[in-house]
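Basically the working numbering = 1-based index in the sequence shown + 115.
If you're looking for bench data, these hints aren't it; they were derived computationally from the structure. Glycine residues also receive a C-beta, built at the ideal position from the N, C-alpha and C atoms. Any given hint could be a false lead.
Here are the computed distance ranges between Cβ atoms for each label pair [claimed, not checked]:
(1) 160 with 132: 17 to 27 Å
(2) 173 with 135: 46 to 56 Å
(3) 143 with 183: 22 to 32 Å
(4) 193 with 132: 16 to 26 Å
Straight-line Cα separation of at most 20 Å, SDA-like style, residue types lysine to any residue; simulated pairs [said to hold, decoys possible]:
(5) 177 with 159
(6) 183 with 165
(7) 183 with 193
(8) 177 with 192
(9) 177 with 157
(10) 193 with 166
(11) 193 with 179
(12) 177 with 188
(13) 177 with 161
(14) 193 with 175
(15) 177 with 166
(16) 177 with 190
(17) 193 with 165
(18) 177 with 155
(19) 183 with 170
(20) 177 with 167
(21) 193 with 172
(22) 193 with 178
(23) 177 with 165
(24) 177 with 191
(25) 183 with 172
(26) 193 with 171
(27) 177 with 189
(28) 177 with 187
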Amino acid sequence: MPISGWIMSNSGGHDVSFFTLFTLPNIVGENETIHEIAEEIHGTAGTLLIAIVLLHIAGALKHHIVYKDATLLRMMGKNKATAEHTTEDK
């Protein structure tokens, strides 16, 4: 996503700054066709990233609520003893 955003901005005629510390070099010139392609790739990648995060959260909640195992507790950084104790209480 960072590369597609960089290309999208450059091809749209905009500079890209790195946290206002410095400006990244232009890797493509202003070009409407490249801009549209990069915009589509950037948007699709963002949507896929959101979907993957939501599926990951849903899977963790399923393990916690349906399977009643310690997967979510381990993901949250609980120690192994606490996670084992929780699964033994079922």
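Violations among the numbered hints: The structure breaks hints 2, 3, 4, 5, 6, 9, 10, 13, 17 and 18; every other hint is satisfied.
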